[in-house]
Amino acid sequence: MSLLKIENASFQYGKSTIFQNISFELGSGSIFCLFGPNGCGKSTLIECILGYLKLSGGSILLNNQSISSYRPAELAKSISYVPQSHAKNFPYTVKDIVLMGRAAYTGTFSAPSAEDIAIAESALESMGLTAIKDKPYTQLSGGQTQLVMLARALTQETPIILMDEPTAHLDFRHELIILETIVKLIKENNISVVMATHFPNHAFYFENSGIHTQVALMNNQALEAIGSPVEVLTEANMLKTFKIHAKLMTAQTAGEKLVRGLIPIEVSS
Amino acid sequence: MDSIKKSIIFISLLLAPLAAIFISLLLGRYPLAPTTVMAVILNHLGITSFGTPDTAASIVMNIRLPRSILGALVGASLAVSGAAFQGVFRNPLVSSSILGVSPGAGFGAALAILIFTNNSLMIYVFAFGFGILTVLLSYLIGRSYNTTPAIMLVLGGTIVSSVFSSLISLVKYLADPTDQLPKITFWLMGSLASASYRDIMIAGVPMMLGIGGLIAIRWRINILSMGDKEARALGVNLGLLKGILITCATLATAGAVCVSGTIGWVGLIIPHIARMLIGNDNRLLIPVSLSLGACYLMLVDNVSRILTGSEIPLGILTAIIGAPFFVYLLKRKAGGWA
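For the protein sequence lines, the chains are E and B, in the order given. For the first sequence, my numbering gives the first residue as 227, with consecutive numbering after it. For the second sequence, my numbering gives the first residue as 67, with consecutive numbering after it.
No wet-lab data here; the hints were simulated from the structure. Heads up, some of the hints might be wrong.
If you only want the chain B side, here are some residues facing chain E, beta carbon under 8 Å, derived [stated by the list, open to error]:
1) Ala282
2) Asn303
3) Leu343
4) Thr374
In this text, a Cβ means the ideal position worked out from N, Cα and C, and glycines have one as well.
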């Protein structure tokens, strides 16, 4: 059964079409990677699923009900969000930021309860952030900040997390830490993820980790291909969409596991 | 450890305005001993019947007490709404008059003086009404595409402020230079000199409503300060919450400005000082700004009463006293305003 279903979605800013005829489904405990060049509309689509922007046409169904019929707090109990970059305006403590994940569960005129605080504490714990919970989050590195954003989404206790390039600007190690954390969330908490990414190897990484992974190649305002990573992230599609030559490689790890990855070779002239 | 320290700061800052009111009752051209003031207050409450001079009783109960209560309310209103606006606009340089309340109220007061010359009730009504009107205009200009982005609101506020500033000049130009013009000029500089219980009854209502509302939604201000997209993803009804916040902050500011005139700086520096003391969590920041704002305005008003024979307008003193102190704090924190 699909948790989230996007049907013939289209979006326009004034007269310019950002995307159209987008359809896909997200199953429980799986990841859906939105993959495509800059400006293809990935972020806009994610903002529509969040309820922040409204589709010009088509529908987004959450549990078979249009998200436009959900009140903001109700939607936020099902879908949380990890932004690409987060503007830090005030030096809140890490704990305060994570606690904000409980907003959907508290009334407009009330403050978080002891139970809310306990949920935030356990999210901090599972992200390994307990040691820095009283630190101003403005002092954190990019990688730590993304872990805080993940902890906040976890505190929101939603079955779905939307992520907009969660590893942008991160170094090699922190990128992998975030990816491992996502895998852990999907496997242990049965969370489903929609993730916009620029890296084909993210999709392969999830597949290599044994998660049900779907990829959509978004280009020219539409989904040009949709399916498993091997079906979509082909050498032919890389040439067509990005005009680059790439090589799909398969290797065997020490644990006899087969892993796949896409290696870029050269820009096609 | 840290939380104990915070709660000590918290409790003492909440008790501070009461102490400041008491001190204000002692000070002035006619200094009173703490014992006399205590006796007057206890007599008035019907607890005791000490013999106190009639002048002392009259000064404390009819002049100094309403003035310090009004000062506390005005200071608290400006500081709390400044802190709330800084949160929603995600900008530490924003103050309580960002959406044009002050020039709007200033124009209303000037217009009332032009029409009625000496009707203080009409001055309140006009100042309050035009204060609200300017914010409404800023909001309508800023509203676009079914939403109200912060930058559009700020631009709306800037446009409306400059229009109403020009209108103030127009009214001044038309005013009778012998009695109306000086009255307008002094009103615009800000003063609590004519404070009475009636002022507290009239302007106290919007100020208390505004402050109360902002205290009630203070945790949500944290969430609004994450930006529209994230706040929405966290489950906030953006239109509703921003509407409540702007309404409350505007009621508080317009209520303050209509009885005290234009008093700058309080809504900008007090929230900053509170941030340095207690951090940025609005759950603490709003109550602490309230307390500090109340104390600060009473302090400035006391200086205004005592320093020279004729009173120095408050708007001048808030900046002259506040600015150096603010510079000192900024330097000490090495520019880390928060």
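task: Sort out which numbered hints this structure fails and list those numbers smallest first.
output: 3, 4
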